[in-house]
Amino acid sequence: MTDVLAITDHRRGDLRDVSYEIITAGRELADETGGDLHLAVISGTVDDFADKLNRDGVDTIHTVSHGEEFNHDVYTQAITQLYDELAPQYVLTPNSVNGLDYAPAVANQLDLPVVTDTIDLETDGETLIATREMYGGKVETTNELEGDAVVTIRSAEWPQAEGTGDASIEAFDADIDEDAIGSTVSGFEEVGGGDVDISEAELLVSIGRGIEEEENLDLIRDLADALGATLSSSRPIVDNGWLPKNRQVGQSGKVVTPDVYIAIGISGAVQHVAGMKGSDTIVAINTDPNAPIMDIADYAIVDDLFDVVPELIEEFQ
Amino acid sequence: MKILVTVKEVATVEDEFEIEGTEIADQYLGADLNEWDDYAIEEAVQLQEDGIADEVVTVTIGPEDCEQTIRQALAKGADRAVRVWDDSLEGVDLLDVNAKTEILSAVIEEEDPDLVLTGVQAGDDSFAATGVSVAENLGFQWGAVVNHLEHDLDDGVASVRRELEGGVEELTDLELPAVLTIQTGINEPRYASLRGIRQAQRKELDVKALADIGVDESTIESELTMTAMYEPESESDATFWEGSAEETASELGELLRDKGVAQ
Numbered sequence: 001m002t003d004v005l006a007i008t009d010h011r012r013g014d015l016r017d018v019s020y021e022i023i024t025a026g027r028e029l030a031d032e033t034g035g036d037l038h039l040a041v042i043s044g045t046v047d048d049f050a051d052k053l054n055r056d057g058v059d060t061i062h063t064v065s066h067g068e069e070f071n072h073d074v075y076t077q078a079i080t081q082l083y084d085e086l087a088p089q090y091v092l093t094p095n096s097v098n099g100l101d102y103a104p105a106v107a108n109q110l111d112l113p114v115v116t117d118t119i120d121l122e123t124d125g126e127t128l129i130a131t132r133e134m135y136g137g138k139v140e141t142t143n144e145l146e147g148d149a150v151v152t153i154r155s156a157e158w159p160q161a162e163g164t165g166d167a168s169i170e171a172f173d174a175d176i177d178e179d180a181i182g183s184t185v186s187g188f189e190e191v192g193g194g195d196v197d198i199s200e201a202e203l204l205v206s207i208g209r210g211i212e213e214e215e216n217l218d219l220i221r222d223l224a225d226a227l228g229a230t231l232s233s234s235r236p237i238v239d240n241g242w243l244p245k246n247r248q249v250g251q252s253g254k255v256v257t258p259d260v261y262i263a264i265g266i267s268g269a270v271q272h273v274a275g276m277k278g279s280d281t282i283v284a285i286n287t288d289p290n291a292p293i294m295d296i297a298d299y300a301i302v303d304d305l306f307d308v309v310p311e312l313i314e315e316f317q
Numbered sequence: 001m002k003i004l005v006t007v008k009e010v011a012t013v014e015d016e017f018e019i020e021g022t023e024i025a026d027q028y029l030g031a032d033l034n035e036w037d038d039y040a041i042e043e044a045v046q047l048q049e050d051g052i053a054d055e056v057v058t059v060t061i062g063p064e065d066c067e068q069t070i071r072q073a074l075a076k077g078a079d080r081a082v083r084v085w086d087d088s089l090e091g092v093d094l095l096d097v098n099a100k101t102e103i104l105s106a107v108i109e110e111e112d113p114d115l116v117l118t119g120v121q122a123g124d125d126s127f128a129a130t131g132v133s134v135a136e137n138l139g140f141q142w143g144a145v146v147n148h149l150e151h152d153l154d155d156g157v158a159s160v161r162r163e164l165e166g167g168v169e170e171l172t173d174l175e176l177p178a179v180l181t182i183q184t185g186i187n188e189p190r191y192a193s194l195r196g197i198r199q200a201q202r203k204e205l206d207v208k209a210l211a212d213i214g215v216d217e218s219t220i221e222s223e224l225t226m227t228a229m230y231e232p233e234s235e236s237d238a239t240f241w242e243g244s245a246e247e248t249a250s251e252l253g254e255l256l257r258d259k260g261v262a263q
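Quick mapping for you: the protein sequence lines, in order, are chains B and C.
Position one of the first sequence corresponds to residue 1 (our numbering), numbered consecutively onward.
Position one of the second sequence corresponds to residue 1 (our numbering), numbered consecutively onward.
Same shape as in the complex, but just chain B:
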């Protein structure tokens, strides 16, 4: 039992980037265990997906043709059956919203430990060493476990596998018990239309938890007006109902790539960074010099936003 089984992610007809990243993570682990890397692609146009996933380092791609879109009952059944058939040491899944909707169930059903949101993995073939974050990224921890495990990987931590592979592509005839399917996906909806498309802006003034009170947003609106910038925000501001969803930058909001992104009072949680790290120039204004946003900022002001922002407004009025 030295093989690795990695599960790929797709949505509405497209493979998601993490599907190529998980090939890299899986190959690294399989090299350390001395085993093969098996990929699984479940539901959707599996043959087409398998062709695209056939990149360097993949030994076998198992296709499970069942339904169009993700259904966690189908995934859970298919993966547990693949595990029984292949007996891999590690089952890797993306730490995506869908990964989190089946990986813990697979682990429970197989009576395996589950470790989520890993950012680095090592194994000597017996002990897995998983690196993950705690306290919103303030610390990293290493965690060890013995034997087989289900592991979810954070997106964008491993490079995407490239090249053309020579994997064998095998249809896996999963025995899906339809009676055990207790959930039905009835559709998808794009959210956050509305008045402004923040992904088109050249200059974004983006605000986070540091604004403290809704009333204080006026200060940031004044700044956006003075600079001719577009106003955006991190998740908590939208959660509080202070700005509409179409202003949210991040993994579950919009991906933005402005010329300049001014992050004000935003600590820089990984979900936020995922949405704005492609900005050309990033400026952070934050009282905490160790906030994760500083890791990706080009310029930083370690100061109280309530002191700096009025000065900046004055300069442009």
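What the hints contain is simulated information worked out from the structure, not anything from laboratory work.
Model, not experiment: these values are computed from the prediction.
Note that the Cβ used here is the ideal one computed from N, Cα and C, for glycine as well.
Don't take every hint at face value.
[As the list claims (entries may be wrong)] Covered stretches of chain B (chain C as the covering partner; in silico rule of three or more C-beta atoms under 8 Å from a C-beta of chain C): (1) 134-142; (2) 173-179; (3) 182-190; (4) 235-243.
[As the list claims (entries may be wrong)] From the derived model, a few chain B residues whose C-beta atoms are all more than 12 Å from chain C: (5) Thr127; (6) Glu170; (7) Asp195.
Using the hints provided, position chain C relative to the given structure of chain B.
Chain C in isolation, oriented as in the chain B frame:
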């Protein structure tokens, strides 16, 4: 219908802190109701106010110290609380998903709710896995990362929206009983009123040891061992502008003009 909400007291960390072994030194830690669980409590209380739920029960794994946090949930409208703790859980650095699953499943079986609400994740260890694991363990349906729940629950079906990446929501129907992991933003959590806080003091808070819920100590032994904790190395190569607010604002102003994005 009966709703059970899992409530966790999480450790919060100051901006500056020190690590001792595999823990953050006590003096830099605070305690708070897990942010995601706050939304789960609110959703349950709203279901009660809408006449859908007859009873809202919270369950917490934690020592006596966290009763203040449990009282917050009671003050917001939960009817009663169960707290599970045991000497064998003292000093455990990291209670892993399987251990939490065993404990919570035992309580849920005893309580027999129609709907279980949990936060998507805990702000401290961020596993984001316990809710789904519990559901599978109990043979319940589940939905992860739910940011909308229709409150009619007609015919024993929960219609939910799951928040996918990239501003897309999935519309899903789930058969009850089910576990939903609740995402922030699904509602607006209330503050506990003074009246609520007074009432919370009189609400039932039942304390149970592992033996009371039929969980053997050995089954909760964590398979995951934390071996190191450290501050991530800063990768920052940012230019830090120094000086008064006026000076730093002026530096930023100059940059914006240089880039041609503001006049």
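Cβ contact check, 8 Å cutoff: the stretch 235-243 of chain B against chain C, three residues minimum: holds (count 6)
Within the assertion that chain C covers the stretch 173-179 of chain B, do at least three residues meet a Cβ-to-Cβ distance smaller than 8 Å? Not satisfied, violated; 0 residues make the cut.
Taking the closest pair, is the beta carbon of threonine 127 (chain B) still more than 12 Å from chain C? Given that some Cβ of chain C is not farther than 12 Å from that of threonine 127 (chain B), nearest at about 10 Å, it is violated.
Holds or violated: is the Cβ of glutamate 170 (chain B) farther than 12 Å from all Cβ atoms of chain C? holds (27 Å)
Count the residues of the stretch 182-190 of chain B with a beta-carbon closer than 8 Å to any beta-carbon of chain C: does the count reach three? holds (count 9)
Is the claim that aspartate 195 (chain B) lies outside the interface with chain C correct, judged by CB distances over 12 Å? holds (15 Å)
Between the stretch 134-142 of chain B and chain C, see if three or more residues pass the 8 Å beta-carbon test, and mark the coverage as holds or violated. holds (count 9)
Comparing the model with each earlier hint shows violations of hints 2, 5; every other hint is respected.
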